[in-house]
Amino acid sequence: MNDLDCRRFVELVTAFLESALAPEQEQEFVDHLARCDGCDRYLDQIRQTTQALDGLPGEALSPEIRATLLDAFRHRPR
Amino acid sequence: MDELPVDGDLIRRLRDRDESAFTLVLDRWSPGLRRLARTFVSTDESAAEVVQETWLAVIEGIDRFEGRSSLRTWVYRILTNTAKRRGSRERRVVPISSDDGPTVDPSRFQEDGPFPGHWWEFPPAWPTPEQGVLRHEVQELLTQTLMQLPERQRVVLALRDADGWSSEEVCELLGVTAANQRVLLHRARAFVRGKLEQYYTQEATS
Numbered sequence: 019m020n021d022l023d024c025r026r027f028v029e030l031v032t033a034f035l036e037s038a039l040a041p042e043q044e045q046e047f048v049d050h051l052a053r054c055d056g057c058d059r060y061l062d063q064i065r066q067t068t069q070a071l072d073g074l075p076g077e078a079l080s081p082e083i084r085a086t087l088l089d090a091f092r093h094r095p096r
Numbered sequence: 030m031d032e033l034p035v036d037g038d039l040i041r042r043l044r045d046r047d048e049s050a051f052t053l054v055l056d057r058w059s060p061g062l063r064r065l066a067r068t069f070v071s072t073d074e075s076a077a078e079v080v081q082e083t084w085l086a087v088i089e090g091i092d093r094f095e096g097r098s099s100l101r102t103w104v105y106r107i108l109t110n111t112a113k114r115r116g117s118r119e120r121r122v123v124p125i126s127s128d129d130g131p132t133v134d135p136s137r138f139q140e141d142g143p144f145p146g147h148w149w150e151f152p153p154a155w156p157t158p159e160q161g162v163l164r165h166e167v168q169e170l171l172t173q174t175l176m177q178l179p180e181r182q183r184v185v186l187a188l189r190d191a192d193g194w195s196s197e198e199v200c201e202l203l204g205v206t207a208a209n210q211r212v213l214l215h216r217a218r219a220f221v222r223g224k225l226e227q228y229y230t231q232e233a234t235s
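One line per chain: the protein sequences are A and F, in this order.
This note's numbering applies: residue 19 is where the first sequence begins, and numbers increase by one.
This note's numbering applies: residue 30 is where the second sequence begins, and numbers increase by one.
Keep in mind that a hint or two might mislead.
Now the in silico label distances, taken between C-beta atoms and shown as ranges [to be verified]:
no.	chain 1	residue 1	chain 2	residue 2	range
1	A	L39	F	D38	35 to 45 Å
2	A	S37	F	E48	36 to 46 Å
3	A	D89	F	D92	15 to 25 Å
4	F	P135	A	A90	47 to 57 Å
5	F	Y228	A	E42	29 to 39 Å
Worth flagging that the hints you see were computed from the coordinates, not collected in a lab.
Note that the structure is a prediction, hence the values are computed from the model and not measured.
The beta-carbon is built from N, C-alpha and C at its ideal position, and this holds for glycine as well.
Taking the hints into account, I'd like the entire structure generated from these sequences.
Right under this line is the structure:
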């Protein structure tokens, strides 16, 4: 019988998303997910968290710094 | 995005002072470098300076680079060291998240209730993305939250979820096993999820 509880489920979420669970454990995880709205929501919120991080800005360099670096590359001593 | 040339070609061209090769990696990697730097230092300006310092060290060191790691890993390692030094100078907040213990407050689960190990109350629902999950305020919250993570968790999370690195690449950068990498990623994600939960709960009641 399936004995995966919510407390254990929340610790397996990333392993599940990375397909790193053993087959039996994955089956337990999926079975629990189907029965528990709270854990379904938790998994979804972890997914939303990774998506929110994916939206974090990573800006290009300012033209000044970029020009400085290209200049430094061009003129580095041999 | 176009594929970059393979490392061997890139490194040779950089040593031959091929400006187009330098421009390629400079433009390709700087946004990710800035994002990671920003999780160590307290301002965008400071992060930009860390990136500049990193590239100067790359230019200076490329002739001595031995290729024991990938070029990108080497550049990111220089960035991490530079940002760390700068970050500690700025006396930013000490990390509060830990590397062990449960990732969700144990009091949220029943101990002796009718269903031991199950939620007392489900996690509260969040607003849907259309309601503005990615507002500027949330991005700032995420940046601040990353700064509260222990260094390895922070780097794993920024690279995997924000920058799209594979787990293999992150393992190479940090010198950790795949299982360890997954634990760091999970702890970091759970911590950030908790901060988002706090934020959305406050928003809903304010």
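Among all the numbered hints in the text so far, which are the ones the structure does not match? When the structure is compared with the hints, none of them turns out to be violated.
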